[in-house]
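A.B. asks: Chains A and B are the protein sequences, given in the same order.
Just so you know, we're using the working numbering here: the first sequence kicks off at 1 and counts up by one.
Just so you know, we're using the working numbering here: the second sequence kicks off at 1 and counts up by one.
In case anyone wonders, no lab produced these hints; they're calculated from the structure.
Beta carbons: idealized from backbone N, C-alpha and C, even for Gly.
Honestly, I wouldn't trust all of these hints.
If we take Cβ atoms under 7 Å as the criterion, some of the chain A residues that face chain B in the derived model are [to be verified]:
hint : residue
1    : A32
2    : A65
3    : A67
4    : T79
5    : P82
Calculated pairs, DSS-like style, for lysine-lysine (alpha carbon to alpha carbon, straight line, at most 30 Å) [what the hints assert, rightly or not]:
hint : chain 1 : residue 1 : chain 2 : residue 2
6    : A       : K40       : B       : K163
7    : B       : K163      : B       : K221
8    : B       : K24       : A       : K40
9    : B       : K163      : A       : K127
10   : B       : K24       : A       : K127
11   : B       : K243      : B       : K331
12   : A       : K72       : B       : K24
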Amino acid sequence: MGPLDDQVVREDSLTATPDGLDVAIYTHWYRALPLPSLAKVELTVDGERIDPQSLAVTVNGHRYAYAELAAKGDEYWFTTDPAVLHVPVETAPGREHRVQLLLGLSIPYILTGPDRVPLLAPSSTDKTLTAAGA
Amino acid sequence: MTDTAPGLPRLGTTLFSLTLEQRKPGRDLASLVGEIAARDLGPGLEMVAFQSLRGWPHPSEEQVREVRGVIESSGLTPSCLAINNDLGLYPGRLLSADESYEYVAVQVRGAAALGFPVTRVGVETSPATLERLLPLAEELGVKIGVEIHAPLTVDAPPVAALKEAFVRLDTPWLGFIPDMSASMRAVPEAVHDAHRAAGIAPELTALTERLWASPGLTADKFPELEARAAEAGATPPQIGNLKMLFTMHGRMDPDRWAEFFPHVVHVHGKFYGVFDGPDGASDPSIDWPAVARVLVEQGYTGFISSEYEAHAYSDRWNVFDQLRAQHDLLKRLLEAQPAVAR
Chain A
1 MGPLDDQVVR EDSLTATPDG LDVAIYTHWY RALPLPSLAK VELTVDGERI DPQSLAVTVN
61 GHRYAYAELA AKGDEYWFTT DPAVLHVPVE TAPGREHRVQ LLLGLSIPYI LTGPDRVPLL
121 APSSTDKTLT AAGA
Chain B
1 MTDTAPGLPR LGTTLFSLTL EQRKPGRDLA SLVGEIAARD LGPGLEMVAF QSLRGWPHPS
61 EEQVREVRGV IESSGLTPSC LAINNDLGLY PGRLLSADES YEYVAVQVRG AAALGFPVTR
121 VGVETSPATL ERLLPLAEEL GVKIGVEIHA PLTVDAPPVA ALKEAFVRLD TPWLGFIPDM
181 SASMRAVPEA VHDAHRAAGI APELTALTER LWASPGLTAD KFPELEARAA EAGATPPQIG
241 NLKMLFTMHG RMDPDRWAEF FPHVVHVHGK FYGVFDGPDG ASDPSIDWPA VARVLVEQGY
301 TGFISSEYEA HAYSDRWNVF DQLRAQHDLL KRLLEAQPAV AR
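Given the sequences, and given the hints that come with them, work out the whole structure.
C.D. replies: If you want it as structure tokens, here you go:
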């Protein structure tokens, strides 16, 4: 609900690669968060819902399967660095895509309710953008 | 650096205020710190370690040298390093007491290496963990302060437990960091901007604000807010935003900050906007005359970090203008307080 929400997916976030569509995302939280905080990545490309388990994510130069992030508590996604979602959809340089993303970040130091569950901070994006070449 | 008169609280800025600036092209730590110094918004400098320092909580020796160099060459004085106790680091479980201790201890050591005399943790850090950290704090000469941020108040059970521990341990190395979000008198205009942008009907924002301002404990008002907002057609994300208005803005009487003394190790000058009016500059949301009176009466001579947070809702105002306006207001109010005999 603030100015950083609009920067989660930027104008130049899409890149077409031989393997699919790369979507560079930036955090809407003010501080670096550990990788398990990428708790919810609900992505829809051109109306097609993407199974998070089919995603790979590159952070800090390391490429992980989405499911691996939950165990990477010793690595952090820095405030000004992108995390790149590798999405298995067909694309080509110059092609337009509608990208809808609900990114839910688990905030590990804000515990809510009697069960002390980390706050889930959501950010929604709905943008139609053109993929650049790799 | 312009300082307040001797014997008064000192001013400063936290880089958290520059959250949006940090994302702009060409910005780095040196340029943000340099601009705080150039605009005379010190002398105190605070930063959030996980926000400003890539690689935290394990900075390299080279990075430590570099950060120290940036601070030293700016002429600013390190006041506080905000660190975090990420208890919910892994899904489905909280860190154990040992893991939590280690997670914070490595950051207190990092703060010492960087030259910060105070660290900030949150209320999720238990009195037992703090007591265990005490020998390390003492050895390193780094204080550990628990931030009292909305929705906490002096009456909250975890705050009472902390106070009991600080009184019992009778130590200058552990204490509180009051954050003015806990003692607000009005909802900031920036929140209205964000609600409009989120498509929330102005009547719903107004209703939430009326409930917020009504007597009684905020915690007891959530059911009525949820029911009335749902009835008015608000979506679940919109209801989440409305509830955030309750949790981010506390209504404690600012005079009650006195009850946290003598255990105050640092102060967060949280604010959302200082605006010119017919009677000069003032802050509609935070009663700075009352806060300044309490801090001077208590003989507080530590730092007040200006912490501009309207950026979480709106980019309508210039952060540097806002920091200047708050510094000028605070300096005037602090220096106008009658001297307190000590």
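A.B. asks: Evaluate each hint against the coordinates.
C.D. replies: Comparing the hints with the structure gives:
1. A32: With Cβ-Cβ at 5 Å, under 7 Å, it holds.
2. A65: violated (16 Å)
3. A67: Violated, because the Cβ-Cβ distance from A:A67 to chain B comes to roughly 11 Å (cut-off 7 Å).
4. T79: holds (6 Å)
5. P82: violated (12 Å)
6. A:K40 to B:K163: violated (37 Å)
7. B:K163 to B:K221: holds (27 Å)
8. B:K24 to A:K40: holds (26 Å)
9. B:K163 to A:K127: violated (49 Å)
10. B:K24 to A:K127: Since the Cα atoms of B:K24 and A:K127 sit roughly 21 Å apart, the hinted pair holds (cutoff 30 Å).
11. B:K243 to B:K331: Violated, because 34 Å separates the two Cα atoms, which is more than 30 Å.
12. A:K72 to B:K24: Holds, because 28 Å separates the two Cα atoms, which is no more than 30 Å.
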